[in-house]
Amino acid sequence: MTKVRLLAILLVLAVLSGCSSSQPAAPGQQAGDAPTSSPDVEQTSEAASTRAEPSTADTSQTDASRRATSESTRDRGTSEQSPPDTPDEPEPTLADVAESAPEDWQHRSPGESTSPGIGTDEAYATVLEGREPKQSVIVAVIDSGIDIHHEDLDGNIWKNEDEIPGNNVDDDNNGYVDDIHGWNFLGGPDGENIDHAPMELTRIVRDLQDMFANVDSASVRPEYRADYERYQHLKAKLDEMRASKREEYNNVRNAYEAMQYATQMLKQALGSDSLSLAAVRGLSSPRRDLQQARDIFVHFAQNDLRLEDIKEYKTDIEEQLRYGYDLEFDPRAIVGDNPDDLSERYYGNNDVTGPDASHGTHVAGIIAAERNNGTGINGIAESTRIMAVRAVPNGDERDKDVANAIRYAADNGADIINMSFGKDYSPEKQVVDAAVRYADSLGVLMIHAAGNDGANVDSTDNFPSEVYLDGTSPEGWITVGASSWKGDTSLAASFSNYGPARVDVFAPGVDIYSTTPNNQYERYPGTSMAAPMVSGVAALLMAHYLELSATEVRRILLESTTQFPDQMVVTPGGDRQVPFASLSSSGGIINVVQALRAAEARTAAATP
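No gaps in the numbering here: position 330 of the sequence shown is 329 in numbering that gives the first Met the number 0, and each next residue is one more.
Any given hint might turn out to be false.
[Claimed, not checked] DSS-like mimics (lysine-lysine), calculated; alpha carbons at most 25 Å apart, straight line:
| id | residue 1 | residue 2 |
| --- | --- | --- |
| 1 | Lys158 | Lys133 |
| 2 | Lys428 | Lys234 |
| 3 | Lys236 | Lys428 |
[As the list claims (entries may be wrong)] Pair ranges (Cβ atoms, derived):
| id | residue 1 | residue 2 | range |
| --- | --- | --- | --- |
| 4 | Pro285 | Thr488 | 34 to 40 Å |
| 5 | Arg436 | Thr459 | 22 to 28 Å |
| 6 | Ala278 | Thr113 | 25 to 31 Å |
Quick caveat, the hints were computed from the structure, so don't treat them as lab data. Each residue gets a CB set at the ideal place from its N, CA and C atoms; glycine is no exception.
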C-alpha cells in the first residue's frame, strides 16, 4: 500500500485524547453531550461479508487529497459498496494557527537553521557551481501513478524513444505496447484501472476461507492442520483490524465534528471569519463551552492539524473499511491477468497516471521537479528523467505487480528505482526477491521507504524487504527513515520505522512540499517522502560522476551523512529517548554536499 499520506495520523490520535474530555456541544446539544455522528461505518463492510497496512499516513495513506466519501462510484466491472453517507459541509479554514516548516526546509544546510535539511542549495552554490552534468539519469518511480503533464515535471519525464506513440504496436519488442513514459500494471486492455485494492491480509484470508471457513476443527486432516490454524489466526487478525478501524473512525469523526463546531463558535465569539492562534489563546470567557472550544482549537493548532487533514484521515479509514478489509471486494478482473500465475509479465496498459496520481506525483517532484524554471519548486536532481511505473493502488500492492514493475524498470534502462510503498505480508516474496536479484545484477540502485508504523523493522515485518528468503541481501539497496524539521528530540519523525540493521539512513520526511496532480503543490509527510530525497541525491551523484557504480554511490551516501552523535530523540512510535544514531546503520541524515565531495575525492583517487 502506498504509505505516505500520513495526515499526521499519530498526531490526530494524540489530539483525540485531548479532545475526548473537552468537546463543546454541537448545535442542538448540551455541553458535554457527544456530538452528532454520521451513520456507523460498521455497516459498510459487514453487509457484504462477515488497506495498506494500518493507516499511518504513507498510511502513508496518509502517504494528498482523497476523493470525498460522497463521490459516486465509477463502474469498474466489479461491485464497490457505498461508503457511509457524510454530508458535504463548508470547510472552515485555519489561518496562522501554528508554526509550520518552511516550504524548502529539506534543501537547507544542516547548520543553517534548527531544521536540519540535506544541503541541496549549498551543493549547487558550491560544489556544482559552473559545472554541467555528464549524463542523464533515469529514476523509475514505482508508485500510484504520476501526472506526467504537471507544469513542474513535464520537462523531466522519461520518454521511450524506441516506441512510436499511439500506433498500438510494440515497436521496441519489449512486450509492452506504446509504453512511451512507462507502464501501468494495474490497468486493463480496455483502459480501465484499479484504484482501490484489498489489504494483503484480506487476500490471504479470502484465499484460505474457501477451504476452511465452514470446517469443524475436529474434522481437519493432519496434513491440513497447519493451514487451518493459520487461517484461524489470520481471520482473527483481520476481524481485530476491522474492529480497530471502526473504533478509529468513530474517534476521528468525533474529533472532526468537535473541531468544526469549535471553529464556528470561536469565529462567532471573536467576530471574525479568520482565526489566529494568538487571538484564540487570548479569548477570555466565563462560558464553559467557549473555554472548551478554545482549548480544542489550540490543541489542534499546536499540532499543526487542519480540519481538511482530519476529514481526509476520516475518508481514508472509510475507504479502508469499504475496500481494504472487505472479503468480497476484488477488482482484479479489471486487469484481465491470472493473478496466480507469477510468471505472467505482459499485462496492463500505458496509462501511467491512473485514477489517483497524488502520491506518485509528489514523490516524483521531490526527485526531479524542474529546477529554476520560475514555477513551483526545485527538485533535488538535475539532468534526471522520471520513468513512471504504476503498481501501487490505494490498498496493498501485489507481489506479482511489484516484481514485474522492478523488472520493467531494470530492462528499460532505469539507473535508480524509488519504492515508496510497503505492507505487512508478502505471500509471494520469492518472486519479488528474484526481481530484486535481477535488478541488482544489472547495477540498479533500489531505494525503499522504511514505513510509517513507528516500529523497529529489525524485528517487525515490512515488505518488500532487502533480506532475501535465503538470508542474503542485494548490494544496491537503501532503506530510508524519515526525519523531521523540528529537530532536537523530534529529529526522528514520530511515525517513522527504524532499525540499526535494516534502516540505512534518514532523510527529511515531514511536511514536505512538492508537486501534486493538476499543477498543484501540497505538503505530505511520510517515509515515502524521505526515500525520494535519497533517490534524488543518488541521481545527482550519478549525473556528475558516471564512473561510480550503484554500490559505490550507496557506500558514499551512507558514509557522508550528517551525524548527530549527542542528540537524544523520542523513539518513533514510543515515548522513551534514545540516541538518534541508534536508529539506523549510518546513524545520520543524508547530506548532498558531503556526498558530492566524497564522490569527487573517490573519483580523483581512482584517476591515474
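Consistency of the hints with the structure:
In summary, the hint linking Lys158 to Lys133 is supported, as the alpha carbons are separated by about 19 Å, within the 25 Å threshold. Only pairs whose Cα atoms come within 25 Å are accepted, and Lys428 paired with Lys234 is accepted, the gap being roughly 21 Å. Straight-line distance between C-alpha atoms of Lys236 and Lys428 comes to about 21 Å, which keeps the hinted pair within the 25 Å bound. At about 38 Å, the beta-carbon gap between Pro285 and Thr488 stays in the expected band of 34 to 40 Å.
The hinted window of 22 to 28 Å between Arg436 and Thr459 holds, with their beta carbons roughly 24 Å apart. For the hinted restraint 25 to 31 Å between Ala278 and Thr113, the CB-CB distance of approximately 26 Å keeps it satisfied.
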